[in-house]
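In order, the protein sequences belong to chains W and S.
Numbering of the first sequence is given in numbering that gives the first Met the number 0, commencing with residue 0 and proceeding in unit increments.
Numbering of the second sequence is given in numbering that gives the first Met the number 0, commencing with residue 0 and proceeding in unit increments.
Because the hints were derived from the structure by calculation, they are not lab data.
A couple of the hints might just be wrong.
[To be verified] Stretch by stretch, here's where chain S covers chain W in the computed footprint (C-beta under 8 Å, at least three residues): (1) 250-258; (2) 338-348; (3) 370-376; (4) 410-419; (5) 439-446.
Just so it is clear, the structure is predicted and the values come from calculations on it, not from any experiment.
For glycine and all other residues, C-beta sits at the position ideal for the given N, C-alpha and C.
Protein chains: 2
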Amino acid sequence: MYRAPVGEIGFTLRHVAGLEEAMARGATGDLTPDLLDAILDEAGRFADSEIAPMAAGGDKTGAVWRDRAVTMPPGWRDLYHRWIDGGWNGLTGPVDHGGQGLPTSLSAAIYEMWNGASMAFGIGPTLTLGAVDALEAHGTDALRATYLDKLVSGEWMGTMNLTEPQAGSDLSALRTRAERRDDGTYRIFGSKIFITFGEHDLTDNIVHLVLARLPDAPAGVKGISLFLVPKRLVNADGSLGARNDVFCQSIEHKLGIHASPTCTMVYGDGIGETGEAGAVGWLVGEENKGLACMFTMMNSARLYVGIQGLGVAQAAFQKALDFARERRQGRSAVPGTTDMAPIVEHADVARMLLTMKALVGSARAIAYSCGHAIDRSRQDGEDRRFWAERASLLTPMAKSFPTDVGVEVASLGIQVHGGMGFVEETGAARLLRDARIAPIYEGTNGIQAIDLVTRKLPLSGGETVRAYIAELEEIVTSVEQSNRPDFGRSSERLRAAIAALRETTERLLEWMARGETGAALAGATAYQRLFSLTAGNCYLAKGALADADVPSRAALARFMAETLLPDVHALSAEVMDGGESLRAATVALN
Amino acid sequence: MYRAPVGEIGFTLRHVAGLEEAMARGATGDLTPDLLDAILDEAGRFADSEIAPMAAGGDKTGAVWRDRAVTMPPGWRDLYHRWIDGGWNGLTGPVDHGGQGLPTSLSAAIYEMWNGASMAFGIGPTLTLGAVDALEAHGTDALRATYLDKLVSGEWMGTMNLTEPQAGSDLSALRTRAERRDDGTYRIFGSKIFITFGEHDLTDNIVHLVLARLPDAPAGVKGISLFLVPKRLVNADGSLGARNDVFCQSIEHKLGIHASPTCTMVYGDGIGETGEAGAVGWLVGEENKGLACMFTMMNSARLYVGIQGLGVAQAAFQKALDFARERRQGRSAVPGTTDMAPIVEHADVARMLLTMKALVGSARAIAYSCGHAIDRSRQDGEDRRFWAERASLLTPMAKSFPTDVGVEVASLGIQVHGGMGFVEETGAARLLRDARIAPIYEGTNGIQAIDLVTRKLPLSGGETVRAYIAELEEIVTSVEQSNRPDFGRSSERLRAAIAALRETTERLLEWMARGETGAALAGATAYQRLFSLTAGNCYLAKGALADADVPSRAALARFMAETLLPDVHALSAEVMDGGESLRAATVALN
Chain W
0 MYRAPVGEIG FTLRHVAGLE EAMARGATGD LTPDLLDAIL DEAGRFADSE
50 IAPMAAGGDK TGAVWRDRAV TMPPGWRDLY HRWIDGGWNG LTGPVDHGGQ
100 GLPTSLSAAI YEMWNGASMA FGIGPTLTLG AVDALEAHGT DALRATYLDK
150 LVSGEWMGTM NLTEPQAGSD LSALRTRAER RDDGTYRIFG SKIFITFGEH
200 DLTDNIVHLV LARLPDAPAG VKGISLFLVP KRLVNADGSL GARNDVFCQS
250 IEHKLGIHAS PTCTMVYGDG IGETGEAGAV GWLVGEENKG LACMFTMMNS
300 ARLYVGIQGL GVAQAAFQKA LDFARERRQG RSAVPGTTDM APIVEHADVA
350 RMLLTMKALV GSARAIAYSC GHAIDRSRQD GEDRRFWAER ASLLTPMAKS
400 FPTDVGVEVA SLGIQVHGGM GFVEETGAAR LLRDARIAPI YEGTNGIQAI
450 DLVTRKLPLS GGETVRAYIA ELEEIVTSVE QSNRPDFGRS SERLRAAIAA
500 LRETTERLLE WMARGETGAA LAGATAYQRL FSLTAGNCYL AKGALADADV
550 PSRAALARFM AETLLPDVHA LSAEVMDGGE SLRAATVALN
Chain S
0 MYRAPVGEIG FTLRHVAGLE EAMARGATGD LTPDLLDAIL DEAGRFADSE
50 IAPMAAGGDK TGAVWRDRAV TMPPGWRDLY HRWIDGGWNG LTGPVDHGGQ
100 GLPTSLSAAI YEMWNGASMA FGIGPTLTLG AVDALEAHGT DALRATYLDK
150 LVSGEWMGTM NLTEPQAGSD LSALRTRAER RDDGTYRIFG SKIFITFGEH
200 DLTDNIVHLV LARLPDAPAG VKGISLFLVP KRLVNADGSL GARNDVFCQS
250 IEHKLGIHAS PTCTMVYGDG IGETGEAGAV GWLVGEENKG LACMFTMMNS
300 ARLYVGIQGL GVAQAAFQKA LDFARERRQG RSAVPGTTDM APIVEHADVA
350 RMLLTMKALV GSARAIAYSC GHAIDRSRQD GEDRRFWAER ASLLTPMAKS
400 FPTDVGVEVA SLGIQVHGGM GFVEETGAAR LLRDARIAPI YEGTNGIQAI
450 DLVTRKLPLS GGETVRAYIA ELEEIVTSVE QSNRPDFGRS SERLRAAIAA
500 LRETTERLLE WMARGETGAA LAGATAYQRL FSLTAGNCYL AKGALADADV
550 PSRAALARFM AETLLPDVHA LSAEVMDGGE SLRAATVALN
């Protein structure tokens, strides 16, 4: 059973991501180290004792659709209500709507626990977080007054309705349409697919945020508007009114996250209780500026998906380590022993487990650092733009790396279990099934790589990424200066990786500047991995420097630097190739 | 739906694995190029039109256990009987027992098709193949007379009963016991787990080959004997007699291959019809020499598991390519186009598909080459030992590389499908679920790596592996001498990879010679991957040299050499490290 790694989470937040320094500066409001520890402890307790025991049953039963209603697995409604009663939904919510205004980095860390205990549970409330962000930034006073309190408390949940069958990653092809009404409201018609938690019985109302197109809208992404469409209309006194004309037509039968209903939503079929066809909606932000509103939510939504991968990866590592310590097979290589050895003593099993641990630790550091950058971008100060760009730069990596790691680590976790890993009751297989969606949704990891290379590298003329790489290099210099033998060849290897990162970065910037986008795109995924491995390994070293008394930190940073990090040079070769071999080889796909 | 890549399979068999030359020498009996093509075409037709349509249903219903009986999914018994009626079970079987005595390489190629159409279907008959091999090599005349004809025709199926709960990969810990009876038979008592096709309704009898221990047997693997235990005893006239005292107690609920029943078998519970407790068994080979009999089957059993990974990988590649050609998203990067482009035109999708194709092609070449080596090791001639050692050398790679590739390619296949890949109806997810077991069973891929490094490299004092590497280098020399620009930097990259392969090989041999097994084991998995990538890429180049008119072959070999192959240098660094960083890091697992 999952046990939240509370100590490691707190350590990474404080000493790697930057929260310690922020607390010392008094930039985190009421949040002190003691309060932080208390919150993490309590979240860990809830994740371990309340959520984790529901995960296997939730997977087995799954969400069930019948007559346009979705029933969640037994006990999940109660679980959700215990969770919101604990105040967990409003951690980052605005204080004037009942939230606690805590940092995003802390929230991300806590979401690691919810997702580690059950990704199908953890995913739901992140959609509500997105709805809160959108309303807070772009909603009218009336909308905010009606919806924010309940979305912050979790009494109602939110959804994001983007995807349509013909428009997956490509929002310019959206067809859902919105018609203006004289009272300032709109009527929405169309279908949306892959809507996470689009329908369920956890809450009495569901607040959909829906992208649609007005009749006179320009073509493409500049003609998209954002609307709020509640499942039930809300009366002036806040009580629930008529059933709106939006229904769940079906849910998907998926590889994993079975307890997370993935809905096809139909707007405007004329079967609501409003007396007319068309789902009643309210504009959020300006007409045709829906995409800008979406971007408000994008950084943190992507971070929270990264956190899903991280949570599952941690759960998989822990489960595999537990198994490897118990399971005995073969003779030990430890001198003087004759008994069967726990398989953790076999070199290849230890290699798998250390690979898992290094990847999880790096992914955690990158994700939390991105959360910290988001927090600082929201604080007043002259460095606000610096941090906003830092957050933008880190977001594609914070989404892609932990989600790739989620799949890799869950798959290694099965391998460590041997035949038992393939048996569903063991639980290792579920983690792979759950993890497999995270590299896909909220922008596939390939799209993250395109975003990183074409939009994030050019920020401030390349100075944003250069400053970040320089910071990473400072860590390496500190490793060198520490003269600690337990870092092995870490600094040499990290230095070489940073050189490769710098070289590929400059080359990509050059290509982008010259309009040679094709060359830049071909190596985008390789670059994203190169960057993430390098940054992640630097962060492991940073942690080891901050906590010199724990020898395992330096040993793990060294293991990564000496065995996983050398990959960056192959990745660098792929980037520098500029897609020449890729272009030549497309003939093999004809 | 799966379409067997008959042309590619035939090409690889003939021009890469060596069958063309063997046919020219007349070393393949009646097998001529025309007959080869006819057999492959017919197998492809059966795989495409008979097996593939049953795969999704087989996955959904799965094998069902009730009252110690296992019911296969609807239609599977008929499917199996159409398959054996087509003579497919006896391809490699001994001619004097009704088999066709065809080469293992051809059989392996055909099994790629069965597994590509449905791995759950393809796996069953490979157990029968193992039973045929064991009986042919070690069975008494009486046993051969009673069982071989029916196992060769497929009227009865075979199983391999090795694993016990306390003894997974470690056969020395087996506890199943065998008692001698005065009539020369034995009685077997004990439990076995993870027995593939241990019980089912495809055939009226099932022939179990069971490892067990005699009361006076030495401890460890030198005290294991092999027994034949039929589900139903066979009367003197060949008709079926009493139900033997062996029953299926349960089947596993697994991640994938749902239509392949994975059974817990109980021997000697006293509920058969023989009038006494203990399953009646007959010794195969000599007492306490059971492991030697197992080794007879091991090379080809491992090859056939590799073929499972290959078949699934090919199916996943094909499905993803079909989707990527149809699915339109985003603007094309092709100049002059404005419509939405098929996603295959996007660089990152093309990169994924080419990676899949290169990995599948390399895995195919390695597996078929191993099959060819097995064939030549069975032919008379002074080079018999050479080929036996070549087969031994290639076996761990032929098992591990295609099965790792199966998981990697199936996972990439899901990614290419985007959100649709996570929906079970698409079928991409099933391929990952099925593929995930192959790196585990028949010796985990970690165990293959240990076998490669500790037992295969030292063959003939290292000359076996050196001769093989020299052959790979000859391919590179031919690439160089071809002066073809479409090979790009292939020969340079391949040359560098071979240098790394040679250096790591010599280092490992040195360590083994000095008894520094720990250093050798730590890098075994990295070495196995390094070796496989290098050999696989050389084989792609060999195919391109043999078929200069098809530009896609050289382009694919080049793509692999320039983007995937550079990994070998990171892997080489890991091997040369000798486990130093691994040993230092084990503190992080405490």
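Checklist entry - Which numbered hints turn out to be false for this structure? => result Structure breaks hint 3 only.
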